[in-house]
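Undergrad: Letter by letter, the chains look like this.
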Amino acid sequence: MRGTVALGPYLTGAIIISKTTLDSKLARVYVETFIMTVTTEPEALLSHLYKADGSATYSHAGYTVIGAVNGPIEAQKRDELPEEAIVDVIVRPAAGVGGTRERHLESLLQSTLRQVILVNSFPRTLIQIILQITVTPENEYINGKLVQANVNLPVLPALLQTAILSLLSASLPMAATLTSTSLAIIQEDGRPHIVTNPTARQVEQSKSFHVLAFTSQNELILAESEGAFTLKEWDDIYGAAYRKCCTTASIGDTDTLMDEGTTGADLKRFTRSIIEQKTASDLHWK
Amino acid sequence: MAVQADRVFVLPGDEVPAALIPSHPKKALKLGPGLRHVPPSELIPTVAGQLATDHKKNSIWVEYNGGRYIPAVGDLVICSVQRSGPDYYYVTITDYTPNAILPQLAFEMATKKTRPQLNHGALVYARVCLANRHMDPELECVSPTTGKADGLGPLVGGMLYDISLGMSRRLLMRKSVEEGKVAVLDELGSAGLAFETAVGRNGKLWVNSESVKTVLIVGRAVKETDENHLNVEQQKKLVRKLVKEMN
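Protein sequence lines, in the order shown, are assigned to chains A and B. Just so you know, we're using full-length UniProt numbering here: the first sequence kicks off at 1 and counts up by one. Just so you know, we're using full-length UniProt numbering here: the second sequence kicks off at 1 and counts up by one.
For the record, the hints were derived by calculation from the structure and aren't laboratory data. None of the values given here were measured: they were computed from a predicted structure. Ideal Cβ positions, reconstructed from N, Cα and C, are used throughout, including at glycine. It is possible that part of the hints are untrue.
Stated by the list, open to error - One-sided excerpt, in silico: chain A residues whose CB lies under 8 Å from chain B:
#1 ILE73
#2 GLN115
#3 SER121
#4 PRO123
#5 ALA170
#6 ALA175
#7 LEU220
#8 ILE274
#9 GLU276
#10 THR279
#11 SER281
#12 HIS284
#13 LYS286
Kindly generate the complete structure, drawing on both the sequences and the hints.
TA: Put into structure tokens, the structure is as follows:
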């Protein structure tokens, strides 16, 4: 017997699953109780904007972002670089016009992505990446007070993932792909506790909040942190993010691991499978 | 051509299985699009796609569809004239990219006095003869060795359709029906329609015919084949339907 609790589409929360097993030999009923973290699987749609060179919509952990990539296109004379392409990232918020918060995100994305894209292949050109946030997690209320993420970072993993999927859809040459996740350290029963993909409320309560991104070669490429934490805590965060973003399994035996109830989604495998599906349907004639 | 067993999917930065790299005793290994050689001996894919190899030519490349066309020497493209300079026509191959140049004397039998007059918007079927990341691409409409046009030159009349890069590659294959699995043009021809087409590697299809109806039907048939990933059977069905609608 298995009981599941329905959660809102974007909520991450703890649910209790009771498993009742009947042991026939001893004629005893065991009731096991687990606490499991439930994260909705990431979802993506590729190349759905036909005017753009590449596009993707990605939703995970309450955020939905539409990305469009154009490039390599002509750069303005005053902007162009003689030896490499300019990577221009534009982030548009779900509501209102962008401000300093978006500029901060853009600068983080720009410096990350230009290390992955082979910018030297297209000197004096422009690669334009537009990211429109369409859905943010529903606001949570505590004692009638609205809790909103007052930091910029929680949306960063979704933006990075969307940008990478759009770039793959645009077939722009890259050195590697990226996976990114967010983590928070929350004090629980006097002990620090790491939560991946925290909700707005958890971010609010957390001691520190971190966003890490890894390349497909399992190298750390982006690490942004907010709040107070010790070096030891950061090491734990790094370990947790590494397990989330980088699979040690080789390509061949991905299916076997899938069944073992790995917590949450394996982002690297997700990116691979979604692009593989797209390529297979594009090359159906082969 | 490509062996069926090597349908290996790669992402940028993946490892290319060493067993798949063709090894020819004499010929040098040729790398096609989507692969990068990192000295001394590493091969790294730069785009997502399927690895394809040709053991006869000792070549390996990544097959993919989509993105923006990047000019490569020898490709046939359909470009539109932007403006004319003293010696060159400035033409666009893809939108929002710097103009390519087409020398006014790079046409069959062209001399200073008999060069073609092309205005803004005129379409030209041309071959890329210089493509280099640091320079604007250069085109020609004449074979430099024989001096013949070989079908290249201004495209008069007709209509231009946008198709995906993968589709244009399939249409340009020497055996487009067997290898590319596009039978739609052959079917339309055998259904009694008279038309001419030109396929540009930059994702353009030009169709011309005496009757406007035929132009529209051919363009629609190819675009539908492309967008809906139709197989040969479905293409035949589509053509039958379109021809029936026309009459």
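Undergrad: Give me the numbers of the hints this structure contradicts, sorted from smallest to largest.
TA: As far as the earlier hints go, 2, 7 and 8 are violated by this structure, in ascending order.
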